[in-house]
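K.L.:
Listed below are the residues making up each chain.
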Amino acid sequence: MLKDFFSKKKKYASIPSEKAKQDIPEGLMQKCEGCQKIYYRKEMNKNLQVCPNCDHHHQFSAEERITSLFDEGSFSEWDKDIISANPLGFPDYEDKLEKDRKKTNLNDAVVTGKGTINGFEVAVAIMDARFRMGSMGSVVGEKITRAIENARTASIPFIIFTASGGARMQEGVLSLMQMSKTSVAIDRFQSSGGLMISIMTNPTTGGVSASFASVGDYNFAEPGALIGFAGRRIIEQTIREKLPEDFQTAEFQLKHGQLDKVIPRHQMKETLTTILDIHSSRGKDN
Amino acid sequence: MKQALDFEKPVIDLRSKIDELKKLTKDSDIDLTSEITTLETRLEKLEKDIYGNLNPWDRVQIARHSDRPTTLDYIELLFTDFIEFYGDRLFGDDEAIVSGIAKYKGNPVTIVGHQRGKNTKDNITRNFGMPHPEGYRKALRHMKQANKFNRPIISFIDTKGAYPGKAAEERGQSEAIARNLIEMAGFKVPIVCIVIGEGGSGGALALGVGDHIHMLENSTYSVISPEGAAALLWKDSTKAKQAAESLKISSYDLKQLNVIDEIIPEPRGGAHRDVKLQASYIDQVLSDSLATLKQLNQEELLEQRWEKYKSMGEYIEIDANEE
Ligand SMILES: [Zn+2]
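Just so you know, the protein sequences line up as chains L and F, in that order.
Under the UniProt record's numbering, the first residue of the first sequence is numbered 1, with each subsequent residue one higher.
Under the UniProt record's numbering, the first residue of the second sequence is numbered 1, with each subsequent residue one higher.
Treat the hints as calculated values from the structure; they're not laboratory data.
Idealized CB from N, CA, C, for every residue including glycine.
Keep in mind that a hint or two might mislead.
DSBU-like cross-link-like pairs, simulated, lysine-lysine; straight-line CA separation at most 30 Å [said to hold, decoys possible]: (1) L/96 - F/118; (2) L/242 - F/235; (3) L/255 - F/144; (4) L/99 - F/239.
DEER-style ranges, computed between Cβ atoms [as the list claims (entries may be wrong)]: (5) L/236 - F/108: 42 to 48 Å; (6) L/236 - F/125: 19 to 25 Å; (7) L/27 - F/232: 27 to 33 Å; (8) F/149 - L/240: 39 to 45 Å; (9) F/236 - L/73: 33 to 39 Å; (10) L/246 - F/125: 28 to 34 Å.
According to the in silico footprint, chain F covers these stretches of chain L (three or more CB under 8 Å from chain F) [as the list claims (entries may be wrong)]: (11) 53-61; (12) 176-184; (13) 255-265.
Go ahead and model the full structure; you've got the sequences and the hints to work with.
P.N.:
Rendered as structure tokens:
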């Protein structure tokens with residue numbers, strides 16, 4: 001028994017020392033969050049932020065996603081200039097927004113627009129987790145709602161890439177209501193025959209996983225993405241039990257029947273193209 | 001005597017003093033009538049002062065009061081012929097949600113609602129009113145029937161939130177909530193939602209998409225619990241009182257934010273002070289709601305629901321061409 005304990009303990013990954021971290025030149029090099037191997041940043045960028053060694057999918061900005069997915073020059077952005085009004089007058093919120101606007105060059109946590117994927121025209125909403133952890137407040141809700149409405153009136157598919165910690169606390173109950181607002185828009189869109197594809201990326205949790213992320217005609221995820229309703233720490237405190245390592249990963253959700261498929265970033269464009277093709281052929285004469 | 005909350009201690013103390021004097025007058029020869037009258041006047045003023053100036057945290061305490069009436073209490077007082085039905089046909093029955101059919105003023109309705117326990121034992125069965133996916137799916141099953149048989153849906157909201165458990169996640173808590181939102185968005189029958197206690201985040205919202213949303217005066221509706229917000233913001237859950245104010249979770253706040261339609265008044269001190277009176281207040285608002293919504297055809301109903309939700313949220317649209 002005692003021996004077991006020791007042999008188990010050895011399996012813990014060693015934490016790299018402070019010195020090792022400092023040895024990586026800022027900007028030029030990048031350490032893989034999965035296997036800790038060090039790569040040229042350029043190399044990782046070219047590989048869609050996927051580690052060539054362990055396949056770890058790193059954070060992907062909305063801009064990178066657009067470049068990787070859409071036919072060159074086909075993307076046009078919608079509603080770029082909607083910004084938060086700090087509706088509750090929440091303390092420190094405006095400073096936080098300003099900081100993230102500077103950091104990301106975005107006005108909020110989602111980019112919407114339309115473009116073509118291998119010739120197929122789609123409306124898209126791409127969340128960016130770098131902005132307030134991708135949280136959803138009034139701006140995110142409004143932009144997604146408008147994108148869905150645009151897809152409905154143009155009769156084109158709607159694709160959403162989610163990356164969000166959930167509802168944005170600083171906008172209180174108005175954030176919560178964005179879940180219903182987007183749901184009403186999706187119902188209108190889907191009842192009119194619209195195709196909606198949801199791709200959950202790391203992380204998709206809370207109010208976002210419990211609304212539009214989970215109601216696509218197809219629900220996909222990127223490998224390793226954290227997907228779930230409640231946070232791991234809160235669940236562990238509630239049930240007084242340690243959760244398995246793979247809990248709430250994309251693979252866990254697939255195994256529990258909550259996803260249609262896990263799609264690696266490198267196969268995303270191709271898989272989406274096939275689905276769009278099958279759907280566009282619907283109803284045509286043979 | 002109902003369990004007293006901290007902020008109402010002065011009222012309770014004064015009231016017991018008056019009772020004492022009354023007893024003394026009765027049991028002895030001393031006549032204290034004039035003292036009693038003075039104190040009763042003071043009590044009236046004190047009650048007005050305290051209950052008329054409740055801060056958000058006081059209301060949180062009232063909303064969480066262990067004697068606060070629950071969904072089943074209101075069902076008994078407002079409806080006739082209620083029959084509860086069980087199970088989601090997929091996994092099991094979740095007693096944190098009650099669901100069934102009844103008549104309201106002679107007309108058929110479907111009722112869904114969160115159900116807290118009345119005592120510790122009851123609370124264990126009811127999981128403290130915190131549903132698992134099967135609870136939401138049970139409610140959905142009954143709401144779909146309402147849609148099929150053209151019965152209005154009345155929903156009572158009263159939960160700290162969806163249960164944050166391992167099994168709940170494995171069975172798709174997110175999907176269950178998300179599914180309810182999108183299905184409720186599209187039902188072609190009137191939906192009236194009433195927040196009767198705590199409206200805790202997505203777990204509350206999963207029964208909360210409707211044509212009219214009302215709140216009892218002292219109930220709360222929030223994206224996160226005050227304790228949770230305080231822990232996240234200030235790493236200090238004891239600052240919950242402060243968070244309750246910043247988050248704007250009272251019925252008055254939600255009315256101002258255009259999220260709810262009506263504030264349903266409560267008896268002085270809270271719904272638990274007079275359940276029948278409270279039910280009669282709900283009755284007025286509910287019957288008005290249903291009468292109004294009944295006048296709309298299905299198309300108008302859905303259009304109005306869309307307009308309602310489309311306008312939720314506040315943002316600034318900057319004119320890029322200005323500058
Ligand atoms: Zn790696």
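K.L.:
If I claimed the Cβ atoms of residue 236 of chain L and residue 108 of chain F lie 42 to 48 Å apart, would that claim hold in this structure?
P.N.:
Given about 45 Å between the Cβ atoms, the range holds.
K.L.:
For the stretch 176-184 of chain L, do at least 3 residues have a Cβ located nearer than 8 Å to some Cβ of chain F?
P.N.:
holds (count 8)
K.L.:
Starting from the range 28 to 34 Å, see whether the pair residue 246 of chain L and residue 125 of chain F falls in it by beta-carbon distance.
P.N.:
holds (32 Å)
K.L.:
Quick check: do three or more residues in the stretch 255-265 of chain L have a beta carbon closer than 8 Å to a beta carbon of chain F?
P.N.:
Result for this restraint: holds, n = 3.
K.L.:
Are the Cα atoms of residue 242 of chain L and residue 235 of chain F separated by 30 Å or less?
P.N.:
holds (23 Å)
K.L.:
Within 33 to 39 Å or not, the Cβ separation of residue 236 of chain F and residue 73 of chain L?
P.N.:
violated (51 Å)
K.L.:
Tell me whether the statement that chain F covers the stretch 53-61 of chain L is true, taking a Cβ distance below 8 Å and needing three residues at minimum.
P.N.:
violated (count 0)
K.L.:
Does the alpha-carbon distance linking residue 255 of chain L and residue 144 of chain F stay inside the 30 Å limit?
P.N.:
Roughly 28 Å between the alpha carbons, so the hint for residue 255 of chain L and residue 144 of chain F holds.
K.L.:
Does the Cβ-Cβ separation between residue 149 of chain F and residue 240 of chain L fall within 39 to 45 Å?
P.N.:
holds (44 Å)
K.L.:
Taking 27 to 33 Å as the hint, is the beta-carbon distance of residue 27 of chain L and residue 232 of chain F inside that range?
P.N.:
Given about 31 Å between the Cβ atoms, the range holds.
K.L.:
Does the beta carbon distance between residue 236 of chain L and residue 125 of chain F stay inside 19 to 25 Å, or does it fall outside?
P.N.:
holds (24 Å)
K.L.:
Between the alpha carbons of residue 96 of chain L and residue 118 of chain F, is the straight-line distance 30 Å or under?
P.N.:
violated (43 Å)
Hints 1, 9, 11 from the earlier list are contradicted by this structure; the remaining hints agree with it.
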